[in-house]
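Peer 1: One letter stands for each residue in the lines below.
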Amino acid sequence: MSDQSTYQRLAPSRGQKFTQRTLPFIILAAILLAIPMTGPSRTFYTIAHQMGINVVFALSYNMILGKGGLLSFGHAVYFGLGGYLAVHAMGWIEDEVGIWGSIPVFFLPVVGFVGGALAGALIGWPSTRKAGTTFAMISLGVAELIFAAAFMFDSFFGGEQGISGDRMNGIELFGLSMGPIAEVYWFIAFWMFVGILGMWAFTRTPLGKLSEATRDNAQRVQFIGYNPQRVRYMVFIFAGGFAGLAGGMAAVNYEIFTPDALSLIPSGLVLIMAYVGGITYFVGPIFGAILLTYMQSMLSDFTEAWLLYLGVLFIAIVMYAPRGIAGIVFGFIDGIRGSESGIYIKHWALNLLGILLMLIGLIILVEVSVRWSNGYGDIYEPFGMHLSHTNPLTWFLFLVASVAGIALSLFVKKQKEATA
Amino acid sequence: METLVFGLLNGVSYGLLLFMLSSGLTLIFSMMGVLNFAHASFYMLGAYFAFTISGSSSFWVALFIAPVLVGLVGAVVERYGLRKVHPNGHVAELLFTFGLAYLIEEVVKIVYGKTAVDYRIPELLNFSAFQVYGASFPAYRLFIIVIAVGMLIGLWFLLKRTRAGLIIQAALTHPHMVGHLGHNVPLIFMMVFGIGCALAGLAGVMAGNIFVTDPAMAVQMGPIVFVVVVVGGIGSLEGAFVASLVIGLLQNLAVGINASFADIFGFLGLTEMSEVGSINISSLAPVLPFLLLVLILIFRPQGLMGEKEL
Numbered sequence: 093m094s095d096q097s098t099y100q101r102l103a104p105s106r107g108q109k110f111t112q113r114t115l116p117f118i119i120l121a122a123i124l125l126a127i128p129m130t131g132p133s134r135t136f137y138t139i140a141h142q143m144g145i146n147v148v149f150a151l152s153y154n155m156i157l158g159k160g161g162l163l164s165f166g167h168a169v170y171f172g173l174g175g176y177l178a179v180h181a182m183g184w185i186e187d188e189v190g191i192w193g194s195i196p197v198f199f200l201p202v203v204g205f206v207g208g209a210l211a212g213a214l215i216g217w218p219s220t221r222k223a224g225t226t227f228a229m230i231s232l233g234v235a236e237l238i239f240a241a242a243f244m245f246d247s248f249f250g251g252e253q254g255i256s257g258d259r260m261n262g263i264e265l266f267g268l269s270m271g272p273i274a275e276v277y278w279f280i281a282f283w284m285f286v287g288i289l290g291m292w293a294f295t296r297t298p299l300g301k302l303s304e305a306t307r308d309n310a311q312r313v314q315f316i317g318y319n320p321q322r323v324r325y326m327v328f329i330f331a332g333g334f335a336g337l338a339g340g341m342a343a344v345n346y347e348i349f350t351p352d353a354l355s356l357i358p359s360g361l362v363l364i365m366a367y368v369g370g371i372t373y374f375v376g377p378i379f380g381a382i383l384l385t386y387m388q389s390m391l392s393d394f395t396e397a398w399l400l401y402l403g404v405l406f407i408a409i410v411m412y413a414p415r416g417i418a419g420i421v422f423g424f425i426d427g428i429r430g431s432e433s434g435i436y437i438k439h440w441a442l443n444l445l446g447i448l449l450m451l452i453g454l455i456i457l458v459e460v461s462v463r464w465s466n467g468y469g470d471i472y473e474p475f476g477m478h479l480s481h482t483n484p485l486t487w488f489l490f491l492v493a494s495v496a497g498i499a500l501s502l503f504v505k506k507q508k509e510a511t512a
Numbered sequence: 202m203e204t205l206v207f208g209l210l211n212g213v214s215y216g217l218l219l220f221m222l223s224s225g226l227t228l229i230f231s232m233m234g235v236l237n238f239a240h241a242s243f244y245m246l247g248a249y250f251a252f253t254i255s256g257s258s259s260f261w262v263a264l265f266i267a268p269v270l271v272g273l274v275g276a277v278v279e280r281y282g283l284r285k286v287h288p289n290g291h292v293a294e295l296l297f298t299f300g301l302a303y304l305i306e307e308v309v310k311i312v313y314g315k316t317a318v319d320y321r322i323p324e325l326l327n328f329s330a331f332q333v334y335g336a337s338f339p340a341y342r343l344f345i346i347v348i349a350v351g352m353l354i355g356l357w358f359l360l361k362r363t364r365a366g367l368i369i370q371a372a373l374t375h376p377h378m379v380g381h382l383g384h385n386v387p388l389i390f391m392m393v394f395g396i397g398c399a400l401a402g403l404a405g406v407m408a409g410n411i412f413v414t415d416p417a418m419a420v421q422m423g424p425i426v427f428v429v430v431v432v433g434g435i436g437s438l439e440g441a442f443v444a445s446l447v448i449g450l451l452q453n454l455a456v457g458i459n460a461s462f463a464d465i466f467g468f469l470g471l472t473e474m475s476e477v478g479s480i481n482i483s484s485l486a487p488v489l490p491f492l493l494l495v496l497i498l499i500f501r502p503q504g505l506m507g508e509k510e511l
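First to last, the sequence lines map onto chains A and B. Here my numbering is used: the first residue of the first sequence is 93, the next is one more, and so on. Here my numbering is used: the first residue of the second sequence is 202, the next is one more, and so on.
Simulated from the structure, these hints should not be mistaken for lab results. Among the clues, some could well be false.
Each computed BS3-like pair below joins lysine-lysine, with the alpha-carbon atoms no more than 27 Å apart [unchecked claim]:
no., chain 1, residue 1, chain 2, residue 2
1, B, K315, A, K508
2, B, K285, A, K506
3, A, K438, A, K505
4, A, K438, B, K285
5, B, K315, A, K505
6, A, K438, A, K506
Not close to chain A: a few residues of chain B, all C-beta gaps over 12 Å, as computed [as the list claims (entries may be wrong)]:
no., residue
7, W261
8, L295
9, L304
10, I305
11, D319
12, E324
13, N327
14, Q332
15, V347
16, L367
17, V386
18, G423
19, L489
20, L498
A virtual CB, placed ideally from N, CA and C, is assigned to each residue, including glycine.
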């Protein structure tokens with residue numbers, strides 16, 4: 093048997109290729125096309141647009157963290173610089189500076205891509221020479237440096253109030269005036285699809301494969317004749333570019349950019365999005381971006397301690413589910429397909445119950461404390477219960493829920509060890 | 202001259218504070234390979250604990266109790282958090298401490314409120330130590346210098362002159378060998394993490410009342426401490442010491458310089474009217490540490506005193 097035939101035997105069949113590669117994109121496109129038919133509300137559009145932007149941003153971050161093994165604390169710099177360039181370009185389109193008059197606003201994300209990639213090329217040159225902790229520290233330092241510098245150069249960054257623009261200018265493309273939010277939807281949906289497709293295609297290129305190889309073993313990559321620094325540098329430029337693409341989308345969607353967009357806060361948030369979603373899977377950051385955007389806009393209405401829940405969620409993922417939500421979902425699918433699916437489902441359900449109980453305990457503790465801390469005399473009243481910090485019922489419920497949850501989780505762990 | 206002397210004095214006291222923070226971080230890093238992202242959060246905890254304790258008793262009690270409490274919190278975090286994450290690698294550990302920083306900040310906001318607390322300099326030290334050029338230098342800053350130098354000597358003595366220090370140093374480089382000799386290496390790690398956090402807590406006790414004690418203090422201090430550690434050379438205590446002083450002096454001296462780029466580079470034709478020309482040196486002070494970091498990483502990637510390039 094020759095090597096060629098072994099390869100052909102291992103290679104995915106035509107059907108597998110279709111279900112694993114083409115079908116997900118067809119489904120995605122179908123969903124994106126179907127959403128406006130349901131007649132969504134303005135709120136839905138607002139959140140959906142933010143999700144679209146964050147999906148592209150989180151995926152671009154995963155190009156360096158998940159696929160490249162580079163932990164960055166300053167990825168928002170490329171998002172921000174790309175977005176700023178796009179906002180300026182929006183202004184040039186309005187004023188018809190040079191050839192800008194003949195460029196539609198619809199293509200601004202391309203400008204953002206160029207801006208982000210240029211920033212990546214410039215900043216990545218000194219910073220990607222090292223991987224690991226050193227890279228993480230440099231990214232942090234550079235992010236702080238650029239954020240601080242943003243307040244010194246007002247003509248580009250616009251100081252505290254930022255730079256704003258108007259998207260309803262220039263040539264209309266596809267009959268979209270870009271005015272109403274429903275028309276902006278097509279813009280966001282199109283670029284999100286392009287972004288996801290582009291980044292997925294990138295993982296299939298030789299550079300994308302080399303990036304994963306460099307992450308796993310830089311020395312071996314050097315052995316087979318590639319320069320790992322150069323691989324990191326090039327991947328970094330592309331990641332910056334796609335972050336800039338997301339920035340361009342944000343520029344058109346919000347029509348304003350402020351220096352806060354390149355601070356450490358969005359950089360930290362995109363890290364959490366990608367990691368919570370699952371950095372070892374391509375779709376992971378998509379899950380993470382959708383969940384976190386939802387939490388950010390919905391949960392912050394219900395509770396002011398949503399960042400605390402976010403921190404707990406993140407730590408729980410780091411400690412107990414390092415493969416993120418995608419890992420949980422795919423693990424579950426594998427589990428119920430496996431040979432002992434009955435036991436698997438039982439353990440899974442018990443675990444879920446334990447987590448829910450612990451969550452109830454946590455929510456009671458946090459909500460009661462937050463209200464006590466604010467001192468306005470507000471009282472946490474879920475399901476008509478009157479849970480103040482002096483009410484013994486509060487502490488009884490908290491204790492019962494947490495202890496039962498922890499006990500249940502420990503029990504499942506023991507059971508698993510016994511069967512394994 | 203007056204600004205120079207004050208810049209130097211303030212720079213030294215600030216630099217020594219930075220060293221208190223970065224020494225703990227360096228110790229933890231060189232031992233466990235973990236860059237503790239939440240280190241500045243322990244600094245914040247120190248300040249808040251000191252505020253609570255000095256409210257019910259006195260500052261002097263807080264000076265001893267608060268760092269110990271912070272150290273205990275650190276030890277618990279190591280035992281039940283970091284140790285669990287350790288098998289997943291250094292990135293997971295870094296991310297764990299990153300999440301921890303979020304968590305600590307939110308818990309502090311709930312317990313102490315979102316605004317600054319009134320944590321004050323003790324009455325006993327609230328006088329001017331001496332006068333230079335008609336302006337007074339607060340005694341408390343002198344006290345910081347004394348405590349920091351005392352801590353420096355204590356740390357040096359512990360690491361280089363005691364048996365415990367010998368074992369710690371050995372565990373830094375040869376953890377398995379030390380384990381085979383019958384020492385409990387995980388316990389040593391826990392203690393080092395605790396001591397590192399306690400040092401950060403001590404810095405918080407000292408600094409919380411001359412700066413502001415609010416939930417944002419960790420975020421403000423954190424990046425600068427990382428800069429110190431990287432500039433000094435990751436894992437080098439001596440380097441951290443030099444870098445702390447350099448950055449402390451640099452920042453405090455820059456604040457005192459009332460000149461703009463146009464004044465300095467005027468001969469190149471730069472005017473006050475242009476954007477670059479109007480940047481003031483004193484407004485550049487917060488950026489200087491990061492500028493230094495980038496320059497160091499380009500021209501001397503191993504840091505000032507680091508032995509190996511990372």
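Peer 1: Please go over all the hints and tell whether each is borne out by the structure.
Peer 2: Here is how each hint holds up against the structure:
1. B:K315 - A:K508: violated, 43 Å
2. B:K285 - A:K506: This hinted pair holds, its Cα atoms lying about 17 Å apart.
3. A:K438 - A:K505: Roughly 12 Å between the alpha carbons, so the hint for K438 of chain A and K505 of chain A holds.
4. A:K438 - B:K285: holds, 25 Å
5. B:K315 - A:K505: The given pair, whose Cα atoms are some 39 Å apart, is violated under the 27 Å limit.
6. A:K438 - A:K506: Roughly 14 Å separates the two Cα atoms, so the pair holds.
7. W261: holds, 29 Å
8. L295: L295 of chain B not clear of chain A: closest Cβ-Cβ about 6 Å, inside 12 Å.
9. L304: Violated, because the least Cβ-Cβ distance between L304 of chain B and chain A comes to about 4 Å, which does not exceed 12 Å.
10. I305: violated, 9 Å
11. D319: holds, 16 Å
12. E324: Holds, because the least Cβ-Cβ distance between E324 of chain B and chain A comes to about 29 Å, which exceeds 12 Å.
13. N327: holds, 30 Å
14. Q332: Per Cβ check, Q332 of chain B is outside 12 Å of chain A; nearest 35 Å; holds.
15. V347: holds, 31 Å
16. L367: Since the minimum Cβ distance to chain A is about 27 Å, L367 of chain B lies beyond 12 Å and the statement holds.
17. V386: holds, 21 Å
18. G423: Incorrect as stated: the minimum Cβ-Cβ distance to chain A is 9 Å, not above 12 Å.
19. L489: The claim breaks: L489 of chain B does not keep its Cβ more than 12 Å from every Cβ of chain A (closest is about 10 Å).
20. L498: Per Cβ check, L498 of chain B is inside 12 Å of chain A; nearest 6 Å; violated.
Against the hints set out earlier in the document, violations occur for numbers 1, 5, 8, 9, 10, 18, 19, 20.
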